[in-house]
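Participant: Sequence:
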Amino acid sequence: MNIAEIEMALATIAEQEFDKAGFPFQFIECFKVPKATVTKLKGTLNKASVQGELLWPKKLYYKPCKEGDVEQALDGMMDEGLTKTHKPQYLLVTDGVKFSAYDRSREIYQHGDFSGLNESFDFFLSLAGIERYEAVEEALADIRAAGRLAKFYDAVLADNPDWNDEGHVHTINLFLTRILFCMFAEDTGIFEQDLFSKSLNEYTDINGGDVGSFLDQIFAVMDTPDKERANLPGFIRAFPYVNGGLFKDRIETPRFTRLSRRLLIEAARLNWREINPDIFGSMIQAVVEPGMRGDLGLHYTSVPNIMKVLQPLFLLDLEKQFADSQDSVGKLNKLHQRLAKIRVFDPACGSGNFLIIAYRELRKLEMRIYKRLRELTGELGWKWSEVTLSNFYGIEYADFAAETAKLSLWIAEYQVNRQFAEVFGDAPPALPLKDGGNIHHRNALTTDWEDICPPAENDVETYIVGNPPYLGRAQQTKEHKKDISFVFSDISKKYKKLDYVACWLIKAAKYTGENKNISFAFVATNSVCQGEQVPLLWPHVLGDTREIYFAHQSFKWKNLASGNAGVTCVVVGVRGKKGGPKTMYVNDVAYRVSNINGYLIDYSDIYIEPISNAKTKKEVMKFGNMPADGGNLLLSTEEKNEILNSFPEADFLFRRIMGSKEFIKKRDRWCLWIDDKNLNAALKIPPIQERIIRTKEMRLNSVDAGTKSLSEAPHQFREMNIASEHSIIVPRVTSESRPYVQVGLLDGKTIISDSAFALYDAPLYLFAIISSKLHVVWIKAVCGQLETRIRYSNTLGYNTFPVPKLYQKDIESLEELAWRVIEAREQHPGKTMADLYDPKKMPLNLLKVHQELDDALETLYIGRPFKNDTERLEHLFKMYAKMTRKKAG
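So the number in the numbering used here is just where the residue sits in the sequence shown, counting from 1, plus 9.
Since the hints were derived computationally from the structure, they do not count as laboratory data.
If you're wondering where the values come from, they're calculated on a predicted model, not measured in any experiment.
Only true hints are included.
Here are the simulated DMTMM-like pairs of lysine to aspartate or glutamate, each with C-alpha atoms no more than 20 angstroms apart in a straight line:
#, residue 1, residue 2
1, LYS649, GLU699
2, LYS587, GLU523
3, LYS503, GLU618
4, LYS68, ASP84
5, LYS887, ASP611
6, LYS373, GLU431
7, LYS891, GLU880
8, LYS96, GLU62
9, LYS519, ASP492
10, LYS107, GLU80
11, LYS49, GLU38
12, LYS887, ASP614
13, LYS343, GLU328
14, LYS93, GLU62
15, LYS506, GLU618
16, LYS373, GLU384
17, LYS857, ASP844
18, LYS850, GLU835
19, LYS814, GLU824
20, LYS758, ASP770
21, LYS649, ASP684
22, LYS29, GLU76
23, LYS814, GLU883
24, LYS373, GLU388
25, LYS516, ASP457
26, LYS75, ASP122
27, LYS68, GLU89
28, LYS505, GLU488
29, LYS631, GLU734
30, LYS207, ASP225
31, LYS505, ASP492
32, LYS373, ASP333
33, LYS107, GLU76
34, LYS107, GLU62
35, LYS670, ASP844
36, LYS758, ASP685
37, LYS586, ASP553
38, LYS67, ASP88
39, LYS503, GLU488
40, LYS68, ASP131
Please work from the sequences and hints to get the whole structure.
Facilitator: See below:
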């Protein structure tokens, strides 16, 4: 649900003449209540006893009232029988002049002018199914502003249909940025109060025909020094010289109509003083990018998430130095000199969130240094800030985002300067603007970063930060793949399985080289620190000269966007090798560790490589049988029964087949399992013969040579593996929320398909090992995930899993526990594996036996159960290193 649209819809109602009878329905329609529900509320769903009132059970109770009686009427509704019976969350009363409301669930009131009803939109958000978040409350000014701007932007494009092309992208982006600056400037003292909105209103025609020429004049004059302004009208000269490059280029201005002029004036009349540049930039980006419009007002990277990167990268070290310098003027001056030389570079900067927060935090620390120096010396040693926007660098692919980043940095500078003035009594003049950071509109992956942020002197610290686009293989376009190829061209040919974000890690590593004054930290998908991506990526990122010195292990990176389930991310910080302790963050708790490897484990820089079946002494785990049949050898229960009804003698040709989905969801599926000796019998049954013929045709027509070669035996699967007595099935993909890999014991006749792995006639102690907590922790770390689901691998997960020496009594104990797991499952007939291993509903008897299995197995490893997953992985990595050294020897 777009909350900016809610605010705009309520504003429209508030501007109209109060419609006593229609208002309650207009009101709920603002919250996108389905039309069918509105229709029912006009009939039997309305439980109000008086005509003109609306009582929507559990949602809203509305009453109109006499003028001046709103608060008394609201009090009267509190104890009404209808309120107690139908339990509406909201009570709402209005006389068309004032309104009063009460949220019964939160026990809070809201009162205001009817004409300002839209300003209370957040109070009623539950009607749209949106839960209240603190961040929504903090961003109210931004939401209103972005909503108005979106309305204006759409009107401009409607007035200028020829501007909907690539040639006008930069023009309209720069135009909108200038408009934003003017609206912010007139509300913050940069311009005379309301100069822009008043001038628009007073000096342009109501029909909008001359608005473009008016804007041309004021944009030009703001790039003209005062001494060069002769012969200009006074109302144009009133706009100050701005400079800073914002108004330097002459651009075409769009045509205006009466509507677009009015919408611009309405937007300008909002209070732009309160906007948050770190939030607002992303919101304004959403205005001009239709794909983001659905999350307008909610699409931004939160400050706490940004601080996960900035604090351990450099802010915490600065804070420590400040704490150690409290009583020394010399040390404080040295720290201040350090701040002035810090550079922050975001090569995927978007609308500038990371740069803005970094700038603001450095300025805040600088003010604390100034205050302490004043306390120690009695005077202020520096007139203005030494932390300048010229030390902030960014690259952004989207043109408007790059323009917005510059503007947002200017706004951030202005706001921090106001805070400076409140503390120290004065601040630098707002105009003329200085350079708004070194923000460049380019493709960061094909650009030499040294051209953007050139090499610096030895005492200059450079910190590379950001939240680059993730994009796994399935989401990458041809252009993305071309970028990845470009980045890896001189490094490795093994890059096709990597996420797109890996490119930024490689580029940052190249830029850093051996320079110990450059560090970088990015937010990335946790997949780059799992499975096969780790050995493909991290040897190139770290090399021999760099190290991971802090990391946040997997966490959900969410914003407030409606329906956003969040992406599972990590934060990884890399620097030139210095040795010493590192910091690992687990659920935001910091732990000191000796080393952090590419898997984000406290162990040496080791890489888990696949081990083929031929190189392991374990029972062989194989892929299940691939049909390669175009669906012809597979049947539903209904299809099988239809054949058997006519040809009961064909029963021996059918086998139950089970893959990951059938096993986990308990679904029946069948296949034709035909040995060569049974082929003649199968061909005598017409529907089976027809399926065999179709399989042959499908294979002959395949472009894959391997599939084509199977056409000689169209009655068979590609593999024909089957157990003598029993088989163990291991799903290839399963939900990451389930606490264990779901392993199954099947009879010898059931066929395992290629969507699962199989152990044929293997000892049952392997069932116990694969079912353990220890094993699932290993699989998550070294096999990686498909989206967020666990992706199992035989060569990378099973074959590499370290197992201690097992004696006969250990094997017997594990096999007994395996049988107990199976028996515990059987005590819940009708439950699927998905039901049994749902972490919220896992039966206690099954959970208990799994815990006993975990304790018993882990005791075989270290003599006791492990304390946590970190300890489990650290021990397994040590065992793996020892195991592979032996094989190498």
